[in-house]
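Chains as they are written, first to last, in my numbering: chain A, 4 to 115; chain B, 613 to 724.
Just so you know, these hints were derived from the structure itself, not from any lab. What you are looking at is a predicted structure, and each value in this text was computed from that prediction instead of being measured. Ideal placement from N, C-alpha and C gives every residue a C-beta, glycine not left out. Mixed in with the good hints there might be a few duds.
[What the hints assert, rightly or not] Far from chain B, some chain A residues (derived; all Cβ distances over 10 angstroms): (1) A20; (2) Y28; (3) S29; (4) T33; (5) Q45; (6) G46; (7) R72; (8) Q74; (9) D88; (10) A89; (11) D102; (12) F105.
[Stated by the list, open to error] Listed next, with one range per pair, are the computed distances between beta-carbon atoms: (13) B/I666 to A/G31: 44 to 52 angstroms; (14) B/T632 to A/S55: 17 to 25 angstroms; (15) B/L724 to A/I63: 22 to 30 angstroms.
[As the list claims (entries may be wrong)] Sample of chain B residues at the chain A side, in silico, Cβ under 7 angstroms: (16) L655; (17) G716; (18) G718.
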Amino acid sequence: AQSVTQPDIHITVSEGASLELRCNYSYGATPYLFWYVQSPGQGLQLLLKYFSGDTLVQGIKGFEAEFKRSQSSFNLRKPSVHWSDAAEYFCAVGINNNDMRFGAGTRLTVKP
Amino acid sequence: NAGVTQTPKFRILKIGQSMTLQCAQDMNHNYMYWYRQDPGMGLKLIYYSVGAGITDKGEVPNGYNVSRSTTEDFPLRLELAAPSQTSVYFCASSYSSDNEQFFGPGTRLTVL
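Only chain A is shown next, with the shape it has when bound in the complex (with noise of 0.2 angstroms):
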């Protein structure tokens, strides 16, 4: 069955820290890969997509996220966060024309 995981429930991190939340997906073909952030009492806003060529692609807010199609994995970075990053990260796999899958989310704490 296909499936996301994000294994990382909660993670904290200091100010001017580096960042990287793991994603990994189950799915028999190379999915449609996406970066989801929801800040607390919104939406979804999406961070980045991944759908094919570079396997290194950038978002907004000074994202990136890389695709290993060895490891199935789509982690999300950033080099230097910022407090008004604290929120919530999902990662989403479109397995099909019309579904998407979410995993459960990264919670991100920012100290400063």
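For chain A, the structure is supplied; the task is to place chain B on it using the hints.
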């Protein structure tokens, strides 16, 4: 553009009551989606629509119904509310299946 709007923001229902969650988008998107978000579970797709007059089930459709009489509107109907339907409901829309989904602010529903 208002984007994707949802009403109401909050609602408390008694078991067995019915209600309709409203969703509208002004971006002329063909695709619209309803998700529910439970704590620690990520988002799960309830129903989706690829255009006016066309709807289909997602991952968790039981207990819900939808209609899509216009491009703009995609209401979600709960006929006999149950405590298991306590959740936050998000509506989303996209131009096509492989484009970014734009999310509404959500409706927090509690069934007592």
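Looking at the structure, which of the earlier hints fail to hold?
5, 6, 11, 12, 13, 14 and 15
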